[in-house]
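Dock chain V against chain A, hints included.
Those sequence lines, one after another, are chains A and V.
Start counting the first sequence at 1; every next residue gets the next number (our numbering).
Start counting the second sequence at 1001; every next residue gets the next number (our numbering).
Hints may contain errors.
What follows is a set of in silico ranges between Cβ atoms, one per label pair, in the way DEER data are often shown [claimed, not checked]:
1) V/Asp1147 <-> A/Leu17: 54 to 64 Å
2) V/Gly1025 <-> A/Ala244: 25 to 35 Å
3) A/Gly150 <-> V/Thr1213: 39 to 49 Å
4) V/Thr1192 <-> A/Arg249: 39 to 49 Å
5) V/Arg1217 <-> A/Glu192: 48 to 58 Å
No wet-lab data here; the hints were simulated from the structure.
Glycine included, each C-beta is placed from N, C-alpha and C at the ideal position.
Below are the chains, spelled out letter by letter.
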Amino acid sequence: MADKIRVRGLSVYYGELQALRRVTTSIADRAVTALIGPSGCGKTTFLRSLNRLIDLIPNTRVEGQIFLDDVDVYSPGVDVVDLRRRVGMVFQTPNPFPKSIFDNVAYGPRIHGLSNQRRLEEVVEQSLRRAALWDEVKDKLRHSALDLSGGQQQRLVIARALAVEPDVLLMDEPTSALDPISAGRIEELITELKAEYPIVIVTHNMQQAARIADWTGFFLHGELVEFAETERLFTAPKEPRTEAYLTGRYG
Amino acid sequence: MGTPPRRTLHVELEALQDEIVRLGGTVSAALERAVRSLKERDRTLAQAVIDADVEVNRAALEIEQRSLTLLATQQPMASDLRALGATLKLVTDLERIGDHAKGIARVALRLGDEPLIKPLIDVPRMAEVVREMVDRGLQAFMSRDQDAALAMAALDDEVDRLYRAVFDELLQIMIDRPGTITQATHLLMVATHLERAADHATNLAEWLLYVLTGERRELND
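For reference, chain A alone in the conformation it holds in the complex (with noise of 0.2 Å):
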C-alpha cells in the first residue's frame, strides 16, 4: 500500500529532554496506524508532530523530515493553518464548540471561505453521515452540541475534522474518555473511515489498537522500537521491549 506519511530521523526536544529518537517510519494511506508504549515514550509528540502542533510548545527544536506526500511539513514556507486542515486532529476529551451541532461542523467550512448555505449544508450532511451521527442529530442541528452524550460529541468532532476534507486523520486516544458502547462506535467508525483516511491513533489500550489497526508501533522512551504489521506485533512481536511490554514484564 502506497505511504501517505514518510518520517525521516525525527527528533524532538522539549528543552534539554529528547522526546523522540531518531524514528524513522512511514504512515500507510488508508489504513489505522495505532502507536502504544507506556506514559512519557513519545508516542503523542510523535502524533503531534505530524501536524505541528507541537510547535505551540515553548522551547520546542524538531529535527529530522516529515514528508506529507512529498513536501517537507516542517520546510520554510509551508503553510501551517492549511497543514492542520489537511491534517485533523481528534482528542482525547471530546471538544465541540458552544454552538449548534450545524455551526460546529459548519465552522471550518466558513473558516477556508465556504459561504453558500446550501453547500454548507450539504457539506455539514455529509461529514455527519460519515461520523455516522447524522440519523441521530438531523432532527436537531440547531440544539447546542454540548447537549449531545460524550460518544455524540465524539462522533460530532470527527464529524469537524471531516467537513474541512483532511488527507489523514490523528486520534489522541478518542476514545479513553468514552463508555464502552460509545468506544465501540468510535471503533467500528475508524474502521469505516480508513476506506478513504489513513488513520494515525494513539492508544493505552492495547486491545484497541489490536481491533482496529492494520499497523502498530511500539514506543519506548522516546525511541520506535518495533514498527510492524498489527496482527505480527501483537501475536509474535521481534523485539523482547516488545514482548516485555506487551505480556506486562516490562519494568
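What follows is chain V alone, placed relative to chain A:
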C-alpha cells in the same frame, strides 16, 4: 517494585501448564497400561484403561474451558497468547493419545483369552518410544527447550520404522495363515493407534516451537 502488571494471567498460565503436564502424564501411563493389558492378557486392566478415559476427557475439557476464560478475561498478547493458543491445541493432542490408549485396550478386551498368533515384541517397543516422546515432549514444554523438542520429534521416525515392520510381518502371517486374519487385523489396529499417537506427540514439539518462535513448522512429513 510493586505487583507485576499481569500477575493474575501469569499465575493462571503456569497453573494451566501444570494441568497440561498432569494430563500428559495420565495419557502416557494409559498407553503403557493398555499395551501391557494386551501383552499380559489382563482384561481387568484393559477395562480400567477404558474407564479411566472419562477422566482424561473431563480434564481436557476443563483445560479448554480455563483457556477460553483466560482469553476472554485477560486478553493475553505475544508469547502469552501463543502459549494459550498452543495449550488449546495441545490439550486435544493429549486427549487423542488417551483415545488411542482406549482403542488399544478395546482390542485387548476383544481378543480375550485367545492365544496370540505371535509374541508381541515390536508393538510394546513402539509403545515405549511413543511414551518416551510424550514424556520428553512434556519436559521440553516445561523447560521451554527447543532442542529437546526437536530431538523428541525425531523419534517419530523410529515409530514409523517399527510400524512398517509390524505391518509387513502381520501381512505375511495373514498370507501364510488366513485363519489369523481376524486377530492380525486387530493387532494391526493396535500398531496404527500407536503410530497415530506418535504423530500427536510430535505435535507437542510443533506447538512448543510455535510458543518459542511464533512460527508454525511441520515436523512430521
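* Asked: Hint by hint, which ones does the structure fall short of?
  -> Hints 1 and 5 are the ones this structure does not satisfy, whereas the remaining hints hold.
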